[in-house]
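Here the protein sequences line up with chains A and B, keeping their order. So for the first sequence, the numbering used here puts the first residue at -7; every next one is plus one. So for the second sequence, the numbering used here puts the first residue at 206; every next one is plus one.
A few of these clues could be false.
To be verified - Each computed EDC-like pair below joins lysine to aspartate or glutamate, with the alpha-carbon atoms no more than 20 Å apart:
no., chain 1, residue 1, chain 2, residue 2
1, A, Lys87, B, Glu389
2, A, Lys23, B, Glu419
3, B, Lys272, A, Glu101
4, B, Lys305, A, Asp32
5, B, Lys213, A, Glu101
6, A, Lys87, B, Glu236
7, B, Lys232, A, Glu101
8, A, Lys106, B, Glu265
9, A, Lys87, B, Asp420
10, B, Lys232, A, Glu132
11, A, Lys22, B, Asp420
12, B, Lys471, B, Asp420
13, A, Lys87, B, Glu419
14, A, Lys22, B, Glu419
15, B, Lys232, B, Glu211
16, A, Lys106, B, Glu236
17, B, Lys232, A, Glu100
18, B, Lys232, A, Glu89
19, A, Lys23, B, Asp420
20, A, Lys51, B, Glu261
21, B, Lys421, A, Glu89
What the hints assert, rightly or not - Among chain B residues calculated to face chain A with C-beta under 10 Å, some are:
no., residue
22, Gln257
23, Ile258
24, Gly260
25, Ala262
26, Ile266
27, Glu343
28, Val347
29, Ser362
30, Ala363
31, Cys368
32, Gly447
33, Pro591
Just so you know, the hints here were simulated from the structure itself, not pulled from any lab data. Bear in mind the structure is a predicted one, so any value in this text is a computation, not a measurement. Think of the CB as a built atom: it goes at the ideal place given N, C-alpha and C, for glycine as much as any other residue.
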Amino acid sequence: MVTSQRSKGMKLKGRGCSSGMVEAEAIVSKKPFGFWQGIDTQTGVVIDRRHDLFGESVKGKVFVFPYGRGSTGTPGIFVEAVRNRVAPAAIINLKSEPMIIVCSLLAEEFYGVKIPIVDGLDLDHLSQIRTGNRVKINGETGEIEIL
Amino acid sequence: MHLTEEEKRIFEGEEGEPRQVAMRILKRLGEVNGADRLIPIASSHLVGCSYQIAGEAGIEIYERLVKQGGRVSVPTTLDPGSIDFKRWKEFKTLEDYAKKQIIIGELLEKMGVIPLWTCTPYYLLNVPLFGQDLAWSESSAVAFVNSVIGARTNRMSAYMDLCAAILGKVPMFGLHLTENRRGEILVEIEQELSDLFSDVHFPALGYLIGQIAEDKIPVIKGLKEASFDQLKAFSATAASTGSVAFYHIVGITPEAPTLEKAFQGKEPVKQIKIGLKQIQETMESMCTYDGGKVDIVGLGCPHASIDQMGRYAHLINGKKISQSVELWICTNEIVEKMAQKMGYIDTIEKAGGKMMVGTCLNNCPISAWNFRYLVTDSGKFAYYTPTTVGTACYFTATESCIDAAVHGHIAKE
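Pulled out of the complex, with its shape left as it was, chain A reads as follows (with noise of 0.2 Å):
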């Protein structure tokens, strides 16, 4: 097990879903997501109640969570909040869905905004990335860095 001190400077690497370079502040969950009924689309803050993010906000931030969940009118609302400009900058998963990377594809076809995802990782390491670190991440390559 790799240890939380370290993580500092600490260089990841899963698999690369969707490209796009982008250096963020983290907001991680342990618990899974759903951006229907999960997200304002006008301001980027989660509404779902049952959700230990209720009441943050996601809008340009490295968005990590182990997998998405719900509805499959994901895209909708996460192709909304792209063209509100309060969408995640990135996102980094255990596992990404289709519904997921297809979130991101979109936001680059319709609105040219480059969400890269990264997926993967095992839980060790993506425990090492906290809320509030700095964290630059690669869509092509899966390469994680925590500055």
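Please arrange chain B on chain A, whose structure you already have, making use of the hints.
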């Protein structure tokens, strides 16, 4: 991923931008998920048609695709929208909101979709066959057509479904492959429960199995029989509390004639037993209040079939619903028309019930009604309405729902 010569031409943009965009998105998705090629689909069913989901971005995206000549190339139906197209004023929908939904409908119709506005397209106008590959969204319909019919679709999602409909193809991964349709979790229904299994137990079982299975494929053993509507209720609920896209019921669903076939000769990764006690506990957990008050009774999730319409009419015939309660029944236009012909709607409306057509309580904005206590026979409503409508919810059998509407009170069982 291997592309044929024709697919390469589409990728290069020779068949216009909508097909190129669809190809780019599905190719990338296929590559990330290990698909080696695209396969043709027989039909598609879209969820990004409701304004609640698509929003302003949806209008912009559909406008762009229409302007570029985008058209679906396989039969494609639409999920419920965010308004009752005929009665939106009656349901207190704001005019601006209704207009947005109407625009989305018009744009999608220009692309050649079948405007069915229902979560149950599989009982009319979009009926898959065993073994067909499809690109369907709507979690409840995905679970139904995979499991009950034996068609093959991944859980598609908003826009991804439209890309597949425009292209007429999907990348071959996940549930399109026989080896990925193998059962993973064995769920045994104990005899004491199996003996008294009835309508109300199907959504309850779905609610429990969704939580247990998450995204794994459950194999249910010990159910003696199940009707079309019961399987519809089970599918919808298991797909709400979990990401269940496919399940087997031994002796009932077509890919599970035997336990061995359901598991494709392999061992389950997990085994559980469900008895009367677990089902009763689940039904309690589906209620967020103890009963008593009721403002609204919501039926028809997933959209009511003609059989269910007949049942509601029979139960309410000659009665009057309480002054303090609304009774709303959700269905689609075709079932509505047939139910009208058969006199069911007349009976329901005489009793004071309302039809909600082409939408439902989860999609239509109804905060203006200030409902606080909802009673339903739907496991999917029970799971979602505390968030979508913001009410407390009481789950019970259909007969008790009608009683609650008539008496203005729901007795705790």
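Hint by hint, here is what the structure shows:
A distance of roughly 19 Å separates the Cα atoms of lysine 87 of chain A and glutamate 389 of chain B; the hinted pair therefore holds under the 20 Å criterion. As the CA atoms of lysine 23 of chain A and glutamate 419 of chain B are separated by approximately 13 Å, the hinted pair is consistent with the 20 Å bound. Our distance criterion of 20 Å between C-alpha atoms is met by lysine 272 of chain B and glutamate 101 of chain A, whose separation comes to about 16 Å. The straight-line distance between the Cα atoms of lysine 305 of chain B and aspartate 32 of chain A is roughly 19 Å, inside the 20 Å bound, and the hint therefore holds.
A hinted pair counts as satisfied when its Cα atoms are at most 20 Å apart, and lysine 213 of chain B with glutamate 101 of chain A qualifies at roughly 19 Å. Between lysine 87 of chain A and glutamate 236 of chain B, the direct Cα distance comes to roughly 15 Å. Compliance with the 20 Å bound is thereby established for this hinted pair. For the hint pairing lysine 232 of chain B with glutamate 101 of chain A, the CA-to-CA distance comes to about 13 Å; that is within 20 Å, so the pair holds. About 18 Å separates the Cα atoms of lysine 106 of chain A and glutamate 265 of chain B, which keeps this hinted pair within 20 Å; it holds.
The hinted pair formed by lysine 87 of chain A and aspartate 420 of chain B meets the criterion: a straight-line CA distance of about 12 Å does not exceed 20 Å. The hinted pair formed by lysine 232 of chain B and glutamate 132 of chain A meets the criterion: a straight-line CA distance of about 15 Å does not exceed 20 Å. Proximity of lysine 22 of chain A to aspartate 420 of chain B is assessed by CA-CA distance (about 17 Å); at most 20 Å being required, the pair is judged to hold. Restraint check for lysine 471 of chain B and aspartate 420 of chain B: satisfied, since their Cα atoms lie roughly 18 Å apart, inside the 20 Å limit.
Annotation: proposed proximity of lysine 87 of chain A to glutamate 419 of chain B holds, straight-line Cα distance about 14 Å (limit 20 Å). Proposed proximity of lysine 22 of chain A and glutamate 419 of chain B is supported: the alpha carbons are some 16 Å apart, at most 20 Å. The hinted pair formed by lysine 232 of chain B and glutamate 211 of chain B meets the criterion: a straight-line CA distance of about 14 Å does not exceed 20 Å. Proximity of lysine 106 of chain A to glutamate 236 of chain B is assessed by CA-CA distance (about 18 Å); at most 20 Å being required, the pair is judged to hold.
As the CA atoms of lysine 232 of chain B and glutamate 100 of chain A are separated by approximately 15 Å, the hinted pair is consistent with the 20 Å bound. Note on lysine 232 of chain B and glutamate 89 of chain A: the hinted pairing holds, with a Cα-Cα distance of about 15 Å set against a maximum of 20 Å. Annotation: proposed proximity of lysine 23 of chain A to aspartate 420 of chain B holds, straight-line Cα distance about 15 Å (limit 20 Å). With a CA separation close to 18 Å, the supplied pair lysine 51 of chain A and glutamate 261 of chain B stays within the 20 Å bound.
For the given pair, lysine 421 of chain B sits about 13 Å from glutamate 89 of chain A by alpha-carbon distance, which is consistent with the 20 Å threshold. Among the interface hints, the one on glutamine 257 of chain B holds; its C-beta lies about 8 Å from the nearest C-beta in chain A, closer than the 10 Å criterion. Annotation: interface hint on isoleucine 258 of chain B holds; nearest CB of chain A at approximately 4 Å, less than 10 Å. A least Cβ separation of about 4 Å between glycine 260 of chain B and chain A falls short of the 10 Å threshold, and the interface hint therefore holds.
The beta carbon of alanine 262 of chain B is positioned within 10 Å of a beta carbon in chain A (closest approach about 4 Å), and the interface hint is therefore held. Restraint check, isoleucine 266 of chain B versus chain A: the minimum CB separation of about 5 Å is within 10 Å; hint holds. The interface hint given for glutamate 343 of chain B holds, since its Cβ lies 6 Å from the closest Cβ of chain A, which is under the 10 Å cut-off. At about 8 Å, the closest approach between the beta carbon of valine 347 of chain B and any beta carbon in chain A falls short of 10 Å, and the interface hint on this residue holds.
For serine 362 of chain B, the interface hint holds, the least distance from its beta-carbon to any beta-carbon of chain A being 4 Å, beneath 10 Å. A cut of 10 Å between beta carbons decides the hint on alanine 363 of chain B: the least distance to chain A is about 4 Å, and the hint holds. Satisfaction of the interface hint for cysteine 368 of chain B is found here, the shortest Cβ-Cβ separation to chain A being roughly 8 Å, below the 10 Å cut-off. Hint status for glycine 447 of chain B: holds, given a least beta-carbon distance of 9 Å to chain A, under 10 Å.
Against a cut-off of 10 Å between C-beta atoms, the interface hint on proline 591 of chain B holds, since the closest Cβ of chain A lies about 9 Å away.
In terms of the numbered hints stated before, the structure departs from none.
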